[in-house]
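Colleague: In case you want the letters, here they are:
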Amino acid sequence: MAPRPGFILNVDKSYPGTLFWHGEGFRLEKLPEGSRVIYPPEPIDALADPIAEISDALDNPVGDSKPLDALLFRGMKLTIAFDDVSLPLPQMESPDIRSLIIEEVLERAARAGVTDVELIAALALHRRMTEAELRHAVGDRVYDAFYPRGLLKQHDAEDRTNLEFIGTTEIGEEVEISKRAATSDLIIYVNINLVSMDGGHKSVATGLSSYRSLRHHHNVKTMVHSRSFMDRHNSELHSSNWRMGKVIKDAGIKIFQIETTLNNNTFPDQFAFLQKREWEWSFKDRATFLATSKSLKATPPWLARSIFHSVRSPYGLTSIQAGEVEAVHERTLENVYKQQLVRVQGQSDILTMGLPFVGPYNVNSIMNPILVYCLGLGYFFNMYKNKPLVRKGGVLIMSHPARNEFDPVFHPSYIDFYENVLSESTDPKVIEEKFEEQYATDPWYIHLYRTGNAYHGVHPFYMWYWGAHALDHLGAVIILGGDPKVAKRLGFMAASTMNDALEMASHYVGSSPTLTHLHTPPLFMSEVE
Amino acid sequence: MKFSIKRSKLPFPLGKPNWPIDVDKPTPRSKLGANFETDWSRTYPSRALRALITDFITRPAIEVVASPTIYGLDNISNAESPIIFAANHASHLDTPLLLSSLPERFRHKTAVGAGADYFFDKRYKAILWSFLLAAIPIERNKVSRRSHDLALKVIEDGWNLVLFPEGGRTPDGFGQEFKGGLAQIALKGGAKIVPVHIAGTYEILGKGRSFKRGETAVYFGRPIDPAGRSTKEIISEVEARVDRLADEVANDFWIAALNQGSGATPKRNVDEKDWIADWNRPRYRSDAKKRTKRWPRLPIIDKPI
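As they're listed, the protein sequences go chains U and A.
Throughout the first sequence, residue numbering follows my numbering, covering 1 to 529 in sequence.
Throughout the second sequence, residue numbering follows my numbering, covering 1 to 305 in sequence.
Hints may contain errors.
[Claimed, not checked] A few chain A residues facing chain U, derived, Cβ under 10 Å:
no., residue
1, N75
2, S81
3, R222
[Said to hold, decoys possible] From the structure, some residues in chain A lie toward chain U, with a derived Cβ separation under 10 Å:
no., residue
4, S67
5, Y71
6, S77
7, A250
8, N251
9, L258
10, P266
Simulated from the structure, these hints should not be mistaken for laboratory data.
In this text, all values refer to a predicted model and were calculated from it rather than measured experimentally.
Backbone N, C-alpha and C fix where the C-beta goes; we use that ideal spot for every residue, glycine too.
If we strip away everything but chain U, and leave its shape as in the complex, we get:
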């Protein structure tokens, strides 16, 4: 049976209830009659032979690019960069698609007699990956061959000796990237394009850059003018990266871009109910849901977290394209939309969503309050084309325990941001002007970023800017089931039940509001007409 497209359910009396993700748990909520629930499209068919497809993409590039074999020559300097642990979510079952591509590229490089090869995890200001995470991304064979030789590295955006200033864009944005990449005869960038935001010129111009470069687009102004940052052609974030991409290209730096798209098959069989529509739950699904949700309530959060983070997604490869950056990315966008796009008529007064246990920045870690904010107001709110699902001045209700919990190893600067910055202001512009520079240049945070597994000192600021457009747009935000103190610190409200949340929302949107629920993950993107 052909996979079904996204579905919009109009809630009536017969409706059984809606599953909400709630961090490391679930809630089953009854939404008011007349509400609409948007369900993601079912997983489209994966390509039957990924290895053959990889080979085919490398041999038949798109855009103004020669086949990969023609770009490889003896004596050249080759750098292979790849997306870090923030993609895909959750981590995909082994073999990770990056490992298959990197192996194929290395086989071809070896055949061409290329010996000067280096692999770089394109971290930007993200945390360094652990050995297990690197092994998963590039595969054991590549890890064992390259890491001991010092040829598998993680990009260090604070290593001044290994950064190269490339130039400035026509509006004065500075472009600085990894020196190894900049001085290579060819950069091959291996992407996993889980959502439409990923890839394109953002891969090199952001992934291999430094704070000096990033601050030109990771700022409040850019994010407020990205409507949305998931929509490449209406995103100021992407426009800035595209300008930087042009500077990189004009400097003579050659990039062979490889982008891949995945289907929506996010959860393994034992969690099949998570990607089914509730009225289609079988006896097994209902039993699994009851057993899982009841046992999770009795499970300490750290244990529930470790169980959920061990989940590997059976994602299937739906497309791979390689060649010139812009041509590749346009084709990638088509393929992402083919899986994820759902057409929706009109906005509503209230948008509800359940936030899961993982976002791009807490893989194998705690989703702290700032990341809860970022996932809801940054990522899920922005999964739209044309206009947001909720009207200007509307209310966002997001479900998450939002505990005052932080990972001191991965997110040290987040703790100080939460305690010292948010206690003074939650206004992104004020925060940016008053605190950003101090955190970005703090030597202790830089030390932890470079030598440990910490996100850069400035990273929590970026998370706050990520939600700047939503903050600007929304009238109120309510965290369903969240810690009231945490919600207050974030500048939001907390409600213990959905009825309470709707009652609170009525102060902003009236007593008979329209409501839309995002039934995600699996991820999808709304095209709002």
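With chain U held as given, fit chain A onto it using these hints.
Modeller: Structure of chain A alone, referenced to chain U:
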């Protein structure tokens, strides 16, 4: 020729009929060797019992004796049965080691091609190996339609098959040339071939060597689709892939890729004329420890002197 007539005690038809003297009596067909009937070993009761033995006795024993490191499971994570696992062969340990190393979805539905002349020459041996390893008799020394048909039937029934295309254990630790039967079976059965390299078993229990505990590595390569290719092409690719896997185990992925790129992948079966390679690989020799070096060890020389 003398004929003796054994008369039945009971008159025919109550008793057995006498065989007329003028009619040649056919030689009874041997029920051993390639003719041994193994269907029973692939029935559910046999499989269940064998699964218990494999999981609870063989695997722990192999762990103790051979401490295997398994590589390349990602290469077969999407592979679908039936598959032919084609491995190099250095020891009787290879079969239980390989079966123990297979992912569970293959492990309990995999038959093993075993030499009809060696494993099926006596009834008790034939029953034992059929039961323990789901062995099927493969005629090694002559062309046998029955062996061929049986292997095909096993594949057509959706079973995976372990074959050792070298035809027998290596006598000296060096690899032997691959034989073509594997390619024939894969082509006709429509099964993909997974090349497998097993390292370390010769040192533990090589042919003619005494047993000694050690470490082993089992490396699964990517499946090879035989469709539309000649048997010669298939077999040389399988052999080249096993050589490549051996190089990866001995070195690493990148060195092996560079070696392959420059056509310098070391061969498992050393050219007899290449005495330098022979000399420099004493660890594979059965008499390595006993051998007195008459010449000092010299650096490896790439070109003939």
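Colleague: For each hint, tell me whether it holds in the structure or not.
Modeller: Structure-based check of all given hints:
1. The closest approach between the C-beta of A/N75 and any C-beta of chain U is roughly 8 Å, which is under the 10 Å cut-off, so the hint is satisfied.
2. The restraint placing A/S81 at the interface with chain U is violated, with a minimum CB-CB distance near 16 Å, outside the 10 Å limit.
3. Proximity of A/R222 to chain U holds as hinted, the smallest CB-CB distance being about 7 Å (cut-off 10 Å).
4. For A/S67, the shortest C-beta to C-beta distance to chain U is roughly 18 Å, which exceeds 10 Å, and the interface hint is violated.
5. With a least beta-carbon distance of about 7 Å to chain U, the hint placing A/Y71 at the interface is held under the 10 Å criterion.
6. Here the hint on A/S77 is kept, as its CB sits about 6 Å from the closest CB of chain U, short of 10 Å.
7. Interface hint at A/A250: violated, since its Cβ lies 13 Å from the closest Cβ of chain U, which is beyond the 10 Å cut-off.
8. Interface restraint check: A/N251 against chain U, minimum CB-CB distance 8 Å, threshold 10 Å, status holds.
9. Checking A/L258 against chain U by beta carbon gives a least distance of about 5 Å; that is within 10 Å, so the hint holds.
10. About 15 Å separates the beta-carbon of A/P266 from the nearest beta-carbon of chain U, more than 10 Å, and the hint is not met.
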